[in-house]
Amino acid sequence: MTSATAALQQTLQHGAVQHIPGGGAQDASATVPTAGGLVQSVDWTAIAPPVITAFVALAVLVADLFLAERHKRLLGRLSLAGLALAGLSLIPLIGEDRTTFCLTDDPGVCSYVADPFTLVIQLLVLGGALVAGLLSLTAVEDEGLPAGEFWFLLLSSAAGAALLPASRDLATLVVALEVASLPAFALVGLRRGERRSSEAALKFFLSSVTATAVMLMGVSFVYAATGSMHLATVAEGLPATDSRLGTLATTGVALTLVGFAFKTAAVPFHFWVPDTYVGAPLPVAAYLSVVGKAVGFSGLILVTLRAFPSYGDVWGPVLAVLAALTMTVGNLGALRQRPERSRSAVRLLAWSSVGQAGYLLVPIASAAYADSARDADRAVGSTVAYALMYGVVNLGAFAVAVLVTRTSPEGRLADYRGLMASRPLAALCLGFFLLCLAGLPPGIVGLFAKVTVFSAAVDADLGWLAVVMAVNVVIALYYYLQWAALLFRTDEAPAPAPAGGAVGAPAAHIAPSGVLTATISGTAVLGVALSGAPQLFLRFADTALF
Amino acid sequence: MLPVSDTVMQGLLVAAVVLPLLGAAAALLPAPPGLRGSGPDQAVLRHGVTVTGAVLAATVVLTLGFDHDNPDAMQAESSVSWIPALGIRLHFGVDGVSLPLFVLTALLTFLCALYSYFKMPAGPRPQTFVALLLVLECGTLATFAVLDLMLFFLAFEMVLIPMYFLIARWGGEGRGPAAWKFILYTLLGSVVMLLGLLVVGLNAQGGPTFDMVELAEAHGAGLSHTTQVVAALAIGLGLAVKAPMWPLHSWLPDAHTAAPTVGSVLLAGVLLKMGTYGFVRILLPGVPEGAETFAPYLAAFAVVGIIYGSLACLALARRGARGDLKRLIAYSSVGHMGFVLLGIATLTHTGVNGALFANIAHGLITGLLFFLVGALKDRTGTTDMDTLAGTSGAALYGKAPRFGGLLAFGAVASLGLPGLAGFWGELLALLGAYHPAGGLSRPAFLVFMALGGLGTLLTAGYMLIVVRRVCMGDPEEPRPALASLRTVPDIRGYEFAAWTPLAVLTVLAGLWPAALLGLTDPAVQHLLPGVTR
Numbered sequence: 040m041t042s043a044t045a046a047l048q049q050t051l052q053h054g055a056v057q058h059i060p061g062g063g064a065q066d067a068s069a070t071v072p073t074a075g076g077l078v079q080s081v082d083w084t085a086i087a088p089p090v091i092t093a094f095v096a097l098a099v100l101v102a103d104l105f106l107a108e109r110h111k112r113l114l115g116r117l118s119l120a121g122l123a124l125a126g127l128s129l130i131p132l133i134g135e136d137r138t139t140f141c142l143t144d145d146p147g148v149c150s151y152v153a154d155p156f157t158l159v160i161q162l163l164v165l166g167g168a169l170v171a172g173l174l175s176l177t178a179v180e181d182e183g184l185p186a187g188e189f190w191f192l193l194l195s196s197a198a199g200a201a202l203l204p205a206s207r208d209l210a211t212l213v214v215a216l217e218v219a220s221l222p223a224f225a226l227v228g229l230r231r232g233e234r235r236s237s238e239a240a241l242k243f244f245l246s247s248v249t250a251t252a253v254m255l256m257g258v259s260f261v262y263a264a265t266g267s268m269h270l271a272t273v274a275e276g277l278p279a280t281d282s283r284l285g286t287l288a289t290t291g292v293a294l295t296l297v298g299f300a301f302k303t304a305a306v307p308f309h310f311w312v313p314d315t316y317v318g319a320p321l322p323v324a325a326y327l328s329v330v331g332k333a334v335g336f337s338g339l340i341l342v343t344l345r346a347f348p349s350y351g352d353v354w355g356p357v358l359a360v361l362a363a364l365t366m367t368v369g370n371l372g373a374l375r376q377r378p379e380r381s382r383s384a385v386r387l388l389a390w391s392s393v394g395q396a397g398y399l400l401v402p403i404a405s406a407a408y409a410d411s412a413r414d415a416d417r418a419v420g421s422t423v424a425y426a427l428m429y430g431v432v433n434l435g436a437f438a439v440a441v442l443v444t445r446t447s448p449e450g451r452l453a454d455y456r457g458l459m460a461s462r463p464l465a466a467l468c469l470g471f472f473l474l475c476l477a478g479l480p481p482g483i484v485g486l487f488a489k490v491t492v493f494s495a496a497v498d499a500d501l502g503w504l505a506v507v508m509a510v511n512v513v514i515a516l517y518y519y520l521q522w523a524a525l526l527f528r529t530d531e532a533p534a535p536a537p538a539g540g541a542v543g544a545p546a547a548h549i550a551p552s553g554v555l556t557a558t559i560s561g562t563a564v565l566g567v568a569l570s571g572a573p574q575l576f577l578r579f580a581d582t583a584l585f
Numbered sequence: 010m011l012p013v014s015d016t017v018m019q020g021l022l023v024a025a026v027v028l029p030l031l032g033a034a035a036a037l038l039p040a041p042p043g044l045r046g047s048g049p050d051q052a053v054l055r056h057g058v059t060v061t062g063a064v065l066a067a068t069v070v071l072t073l074g075f076d077h078d079n080p081d082a083m084q085a086e087s088s089v090s091w092i093p094a095l096g097i098r099l100h101f102g103v104d105g106v107s108l109p110l111f112v113l114t115a116l117l118t119f120l121c122a123l124y125s126y127f128k129m130p131a132g133p134r135p136q137t138f139v140a141l142l143l144v145l146e147c148g149t150l151a152t153f154a155v156l157d158l159m160l161f162f163l164a165f166e167m168v169l170i171p172m173y174f175l176i177a178r179w180g181g182e183g184r185g186p187a188a189w190k191f192i193l194y195t196l197l198g199s200v201v202m203l204l205g206l207l208v209v210g211l212n213a214q215g216g217p218t219f220d221m222v223e224l225a226e227a228h229g230a231g232l233s234h235t236t237q238v239v240a241a242l243a244i245g246l247g248l249a250v251k252a253p254m255w256p257l258h259s260w261l262p263d264a265h266t267a268a269p270t271v272g273s274v275l276l277a278g279v280l281l282k283m284g285t286y287g288f289v290r291i292l293l294p295g296v297p298e299g300a301e302t303f304a305p306y307l308a309a310f311a312v313v314g315i316i317y318g319s320l321a322c323l324a325l326a327r328r329g330a331r332g333d334l335k336r337l338i339a340y341s342s343v344g345h346m347g348f349v350l351l352g353i354a355t356l357t358h359t360g361v362n363g364a365l366f367a368n369i370a371h372g373l374i375t376g377l378l379f380f381l382v383g384a385l386k387d388r389t390g391t392t393d394m395d396t397l398a399g400t401s402g403a404a405l406y407g408k409a410p411r412f413g414g415l416l417a418f419g420a421v422a423s424l425g426l427p428g429l430a431g432f433w434g435e436l437l438a439l440l441g442a443y444h445p446a447g448g449l450s451r452p453a454f455l456v457f458m459a460l461g462g463l464g465t466l467l468t469a470g471y472m473l474i475v476v477r478r479v480c481m482g483d484p485e486e487p488r489p490a491l492a493s494l495r496t497v498p499d500i501r502g503y504e505f506a507a508w509t510p511l512a513v514l515t516v517l518a519g520l521w522p523a524a525l526l527g528l529t530d531p532a533v534q535h536l537l538p539g540v541t542r
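From first to last, the protein sequence lines stand for chains A and B.
The C-terminal position of the first sequence is numbered 585 in the numbering used here, with every residue numbered one higher than the one before it.
The C-terminal position of the second sequence is numbered 542 in the numbering used here, with every residue numbered one higher than the one before it.
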């Protein structure tokens, strides 16, 4: 926990500290005469989203010490307010393209950039964290999680996740990635005294740390080959690398990508996902599935397109193969889930999120084959649009899962049988979310998100990948539809309750949660609105994000 | 032609597509005071009749306002940008190719709603049933009215969920697996079709466009031969699953057999047409070279489908085969749609006109037959031919003369008796195969024509067997297999109302084919220029 704080602090100062020795030259935006260039002016508005989140995280941690036990509920509200405020702080940045922490001798090279790409991902991350937070309000109380720690860790991770899309140098990128991940390990293992939870945390931690180590090695190789950490400079330097350093540079590129492949849970780095999601508290799993993915993908996009565009012929085919493998493995894994098994609902969502990660990789791989930088940006825009759709819909599905798990703690798919009869609103919403994930009307958002991804692949002449994806879409449809059909099934006898279980018992003692209902309805309304006006999210597939 | 202003025409077309969707939402809400009727079930079923009736009225006015002198031009056209990022526009319009199918859809759905009002299939709440029926209508009407490839795909997919639930919740024996088979087959096809549509749209001459009119006008200009072949294969596969083309048809018999009566009627009458319509509207004009490459294969598969469907029906109609009458009609659909596909594969005006005619004829006749068989099942509790026929025959002529007569009428219409609707489409399709478009192998098509002709003979064979075993026989048979077979009630009032339009139109189309061909022919000539026949 303290390490996370330290890392966060370091991140926030990192840019400023690094460039002090530049000397002489003036700041990009400033006319401020500096004392020998040692002090750099910081654009606080630009960095507000991660800073506010981090600040509220610290405030929560401190407040936790002074609050009486009965007032701990306030912490959750404070955190949510902080996330909302951080989200609102994005508004003044729209259309501004601000930069800060630039090199004093080269103001065009900056460590922190608030361009449209950054803002969209920050919106997704902060919005995702907010929804996960809303889901956690009840879960923290129901499961007796330590409130102070929980909210602090959630906010810290969100701060790192919000910093990551803005980072434009490898060091900041790695630090942001770690700030986003380290608290997540603790969040997964936060359920005290539960073996499965700590086992999941350990699994998550070990595999993640290994990936980070590999990635750091890759970053150092790249630094050795190009002499720079800044993505823009690396991109310029890589093609001009001394031919004797060619192998080093290629190895560096490959190893760096491995780290991000882990975060995106691409095959073969996907093994942690199902166990981690199942072991973690449900809202945390929801958080990981959306924010964790967004972090991995934005990092991957930055590294591939901003830093290593000249190595497109290396990472393009690799990512294409990874995408094909990831979606196939994920969807086959989801297909195997037996409805009677304990926690099968989350397991299915976990495997399907692996499959969805495969779709998200497709446009990035296509970007390597693009004819022009504009086409590459468009392809990446498809990933962003898809991620937005996936974020809304997947959080909605998790919200319903949280609701159902309150009354049926086993969390089996079979518990969803006949949900239409007992909770019509939740059932309709979940049905809608599942159809969106499947990409079938009435889930029009999902359909058009898939269309953009397909068109990116077709545009890049990656026909084989498009066909693999088509087959996968059908596999995924099968299990999503099966779940959706289960919701409306009433004629069969209800699934037998496990011995001694309270499954299906009337849950009069659990008060209905207004927040949960509001979250489910909110995501559903957003999904329906996006279905009616897909341009709202698809425009990112058509505009220059960088 | 009724003088109707352009704005009204546009409004009518869009209203016909949107109204069912609004109606579906309204069906799920409680009825407002004053419209409650004798109970919530009755109110919602009446709501279904009202909405589909209003849609039918709109399409009839649309038909009257349609400029019959220029059926090759898009009419009632309206276009609004919807998703600029993907270049998708809400583009609607009808011409001589789509208008008949549009009206057929509205008519069949209305008749289904009317029939269900009096004879609701056994199953859960009618509210959901009506809502699904209306969503289905919206999707099918949209398929025939939209002029944007992505919207076409959207509409194509939109019908799946309602049809799935109609089969899975209100269907008969084996409905679960049948519904799954239906949806998975179609989805696998339609995802591949999406890829093909994207290939066509993204590589279009003059920048990416999904506008079907523009793409049809371009006639594949700017698309390389390879692109056209790939696109034609992908789109063709998706449409062929829906049509269905042998050997991709195996979802159809199960789905038809398991579906409730109105489900079967709409599946056969409307949903299958979405596939063949796509061939004519998108594949032939959009990727002509690709279409030419695959035309011989399409024709070969179509002919195999004709023969296969007829032989399967003959096998089912045999005594002792325990053939299901509903299944038999379903297999006969495979044969009939084979003629439609054969007509399309000739790439000639004659053939494609025949295909479009056969489309409508099949919708009317098979719709009627599924209604009749469904009603027979409701009366006797079985569609098993052997149980029905007993030792001498089911003797419907004797027990229920009007019912038996109408069944015999449907059967002879289906076998293509001259003077009824079934005749012209198949004749023109075969005629088209006699003189296929230049570039296609004439000897091969002559063989296809001969085999298709054999198919008509086989069709006549099994249809007459069905008439003999079901309609004829000894009404006083001493020991029928089921008590319900002793007396079979004759046609009731509502059945009369639901079925008469189909029978009348079958006769009308048979006696006055020019009414339909006058609409389709100019439009087909417009879609297929440079073909002489």
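Since the hints were made in silico from the structure, they are not lab data.
Virtual Cβ for every residue (Gly too), placed ideally from N, Cα, C.
It cannot be assumed that every hint is accurate.
Covered stretches of chain B, as calculated for chain A (at least 3 residues, CB under 8 Å) [what the hints assert, rightly or not]:
| # | segment |
| --- | --- |
| 1 | 168-179 |
| 2 | 197-207 |
| 3 | 222-235 |
Against the structure, the hints:
no., hint, verdict
1, 168-179, "holds (count 6)"
2, 197-207, "holds (count 6)"
3, 222-235, "violated (count 0)"
Consistency note: the structure conflicts with earlier hint 3 alone.
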